[in-house]
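Peer 1: Spelled out, the chains give:
There are 2 protein chains.
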Amino acid sequence: MTRLLVIGGSDAGISAALRARELDPGAEVTVLVADRYPNYSICGIPYFLSGEVASAERLAHRTAADLEATGVRLLLEHRATRVDPVARRVDVLAPGNATLALDYDRLVIGTGADSVRPPLQGLDLPGVFTLRWMADSLAVDEWLRRERSRSAVIIGAGYIGMEMAEALTRRGMRVTVVEVLPQVFSTLDPELGGRVAANLRSHGVEVVTGMRVAGITQAQGRLVVAGDAHFSRDCDLVLVVAGARPASALTATAGLELGPQGAIRVNRRMETGVEGIYAAGDCVETWHRLAQAYTYLPLGTTAHKQGLIAGENALGGNREFAGSLGTQSVKIFDQVAARTGWHDADARAAGHRPLSVDAEVWDHKAYYPGAQKMLIRITGDVETGQLLGAQIVGGYGSEVSKRIDIFAAALFQGLSVRDLEDLDLSYTPPLASPWDPVQMAAQSWLRAWEAPRREYRGRQ
Amino acid sequence: MTRLLVIGGSDAGISAALRARELDPGAEVTVLVADRYPNYSICGIPYFLSGEVASAERLAHRTAADLEATGVRLLLEHRATRVDPVARRVDVLAPGNATLALDYDRLVIGTGADSVRPPLQGLDLPGVFTLRWMADSLAVDEWLRRERSRSAVIIGAGYIGMEMAEALTRRGMRVTVVEVLPQVFSTLDPELGGRVAANLRSHGVEVVTGMRVAGITQAQGRLVVAGDAHFSRDCDLVLVVAGARPASALTATAGLELGPQGAIRVNRRMETGVEGIYAAGDCVETWHRLAQAYTYLPLGTTAHKQGLIAGENALGGNREFAGSLGTQSVKIFDQVAARTGWHDADARAAGHRPLSVDAEVWDHKAYYPGAQKMLIRITGDVETGQLLGAQIVGGYGSEVSKRIDIFAAALFQGLSVRDLEDLDLSYTPPLASPWDPVQMAAQSWLRAWEAPRREYRGRQ
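Chains A and B supply the protein sequences, listed in that same order. Numbering-wise (numbering that gives the first Met the number 0), the first sequence opens with residue 0 and increments by one. Numbering-wise (numbering that gives the first Met the number 0), the second sequence opens with residue 0 and increments by one.
Hints are computed from structural coordinates only; laboratory data are not their basis. Hints should not be assumed to be uniformly reliable.
[Unchecked claim] Stretches of chain B that chain A covers, calculated by requiring three or more beta carbons in the stretch to come under 8 Å of a beta carbon on chain A:
1) 40–52
2) 322–328
3) 366–379
4) 418–430
[As the list claims (entries may be wrong)] Estimated spans, in silico, between C-beta atoms of each pair:
5) Ala349(A) to Ala251(B): 53 to 59 Å
6) Arg116(B) to Gly50(A): 57 to 63 Å
7) Ser201(B) to Leu75(A): 42 to 48 Å
8) Gly50(A) to Gly171(B): 36 to 42 Å
9) Glu67(A) to Gly171(B): 52 to 58 Å
[Stated by the list, open to error] Some residues of chain A that are not near chain B, with every Cβ distance over 12 Å (derived):
10) Ala86
11) Asn96
12) Pro118
13) Gln182
14) Thr216
15) Arg232
16) Gly261
17) Glu270
18) Ala344
19) Pro353
20) Lys372
21) Asp380
All values derive from a computational prediction rather than experimental measurement. Where a beta carbon is used, it is the ideal one built from N, C-alpha and C, also for glycine.
Just need the whole structure built from these sequences, with the hints factored in.
Peer 2: Given below as structure tokens:
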């Protein structure tokens, strides 16, 4: 009977535990959950804070009772403090400062990521919050209610920052988003990020890009966020959402190797370099399918997949992680932005000669009511015609997110841009065109790609 | 200077003409259009007849002026009557019964399909219409207005029949759909087709399946549709939408070979067996990518692709049609049904051992407002785990149509059901789950597939 110990009760850890129990109902599976919120959908936090989700409990993918019904043993508010990989034992700090030691045959580490705390003055002032885990979320909610906050400054315009800009606006607050980079959602190219910024502004959000925040102070009961060039905004709440870094503090005791960003090194079987120890999710380096190399790219979808594989392999399976493409989507008000694969800069860094071409296309036949244009940018390789990546910004309801997935499915298989034109995609006037927007964008790319060749042939 | 003559001004013909002009702006491209409606989106007819599209002209993909601006010469109301493949000449009947003869270097035949006229009495009565081309559509519209029709019987519950059931209901009419097969939309399996029928009924449409119509008569100024077992409905309008058959009358004169359903035989380069003659769209046999064989599967998406390839190859190109998967979607009221690839029956006929598994899954995280369940059925091969096909019925707004396209993209490359689980698909709580519905369905299939194997291993 295998004793599987899992450190971490979020996406990766729970996926590992459930998969192990599914494959071997005899396995003894224990999950250490650092907080009181096992298997919560932390991606749902903005919708709880906006008021769209009535209670925090609704964010649970599964309840503790559901999890325990599968035979998984949950230890809530139990935090691993040390791993002894030789004795195969983990020291644990339990509620009330009790300590215990748990033996394992196989260990899965899924400790996730922590919020980046940028080097700013004032991060510890009351009313200043980072936002990643449920405890952060409940603290923000309590603050908003107690202080009846009317205005917020959000530092960081990644997807959480933008979702929170919507959430707090929905809550009736005045919101300023401040981003040090020249654009919001910098995982998109500037032209597409610019559309997201314009959309935020059209909903009353102040968006300030290229602005370095110097610090946060308190004055007359309010918070003041100050930055370069006399930038200053006072508000009732500051959210610092400046990215995530791997929570890999435990690893020193376990003797695990870390990559340059501090993430645990694993292979595609989710094995660390230490016998019997697996790791998965936001605390590990991730295999990138295009780069064919490891990188740090924390995403919930990836954590689920890697957790499942770690759980399967810990029980004697032999499965490999197929790799990430960095596929992502985000809904902001009535707009959806999505991306997959590489854009110019990363493609160039990887030795490609990229060509990126934009197409502005209707989401469905323009004669059918409700048609909206979306912007699709395709990046492909000039030498080979290989598809390298895609970005879309369009309307909520325009099937943007599953259109990016058509690109993701094509990238998964290394298709060319021309192959996109050959795909047999579905069509009905209320939902597409005979050439789907994905294919119209591919045709724009192909025209731009072929034109100089045709000209050259013409001159011969 | 190549003289390209195209017979047919709908999807395939216009695609061929435009591609030829794009590749060679010196080519002399003439299109014979049998009616006055070049490049109309005939898939949009139900939305014109429902009143959602204000005027028939809006259904044009491009106006005649747009087309002529590309350098294509359009001859409206010109009908080809004879092809002489040796002299490379086509006899044409022009308006006013004038005749002319046009010489060509390359000919593309894109004559499309005609409505099937089932062997019924009364098909020629006033108020009884087939519905495929713009003339049909305008005739129906005129009848509805002039007669102030209040009720309709639709014979045939394929996708046009179902779309028209919605269209006429929207127009305030009482609608009965009569289908000879035991289910509506028989391109779906019965369980899924049953959901479509239930949806039609919930919107007030009477749906009668397994009913053979015997004939249509006129009585007291009304039409009476009579069938087996004393079935009888009187109404003001009868639509006969019982399928399409290739419009290949011309072919006898050209000496072209036809397949068993009367469609023109072509190869994947869209060449007929006769030198210099290409054919594309609803009048030809189509290469099926899974079957690796030719079949008759008329769809607008396919017509566009084949037309483009015919136009390109007629100008000296060398491109092959990648093949159809029969991908289709249809919106009926607030529901979308979609399918791609093979289902049990066709998979079995092709020598597979299919397994089909259903999953009922939320379109996005249930905690986010507006979540709806969709039914996804995956068909895979028991021996190899290969994906063979998929069907989905879900809500309009649930990205059903582009989710079927994720399956279509996977089928295109011959992926396994397990590969679906490995795809890096996008996720945000308002639009998906960390495992997309497509992947949850794949996991249901895999569980059903693996369970007996696991049991067997357990017994060893």
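Peer 1: Work down the list of hints and note, for each, if the structure agrees.
Peer 2: Going through the hints against the structure:
1. 40–52: holds (count 6)
2. 322–328: Contact hint for the region 322–328 of chain B vs chain A: holds, 7 residues under 8 Å.
3. 366–379: holds (count 3)
4. 418–430: The restraint on the region 418–430 of chain B holds, since 12 of its residues have a Cβ under 8 Å from chain A and three suffice.
5. Ala349(A) to Ala251(B): 53 to 59 Å: 57 Å, holds
6. Arg116(B) to Gly50(A): 57 to 63 Å: For Arg116(B) and Gly50(A) the Cβ distance comes to about 59 Å; the hint holds.
7. Ser201(B) to Leu75(A): 42 to 48 Å: With Cβ atoms ~45 Å apart, the hint holds.
8. Gly50(A) to Gly171(B): 36 to 42 Å: 40 Å, holds
9. Glu67(A) to Gly171(B): 52 to 58 Å: 55 Å, holds
10. Ala86: Its Cβ never comes within 12 Å of chain B, the nearest being 32 Å, so this holds.
11. Asn96: Per Cβ check, Asn96(A) is outside 12 Å of chain B; nearest 34 Å; holds.
12. Pro118: Non-interface label stands for Pro118(A): nearest chain B Cβ at 30 Å, farther than 12 Å.
13. Gln182: Since the minimum Cβ distance to chain B is about 19 Å, Gln182(A) lies beyond 12 Å and the statement holds.
14. Thr216: 35 Å, holds
15. Arg232: 28 Å, holds
16. Gly261: 23 Å, holds
17. Glu270: 18 Å, holds
18. Ala344: 20 Å, holds
19. Pro353: 20 Å, holds
20. Lys372: 16 Å, holds
21. Asp380: The claim stands: Asp380(A) keeps its Cβ more than 12 Å from every Cβ of chain B (closest is about 19 Å).
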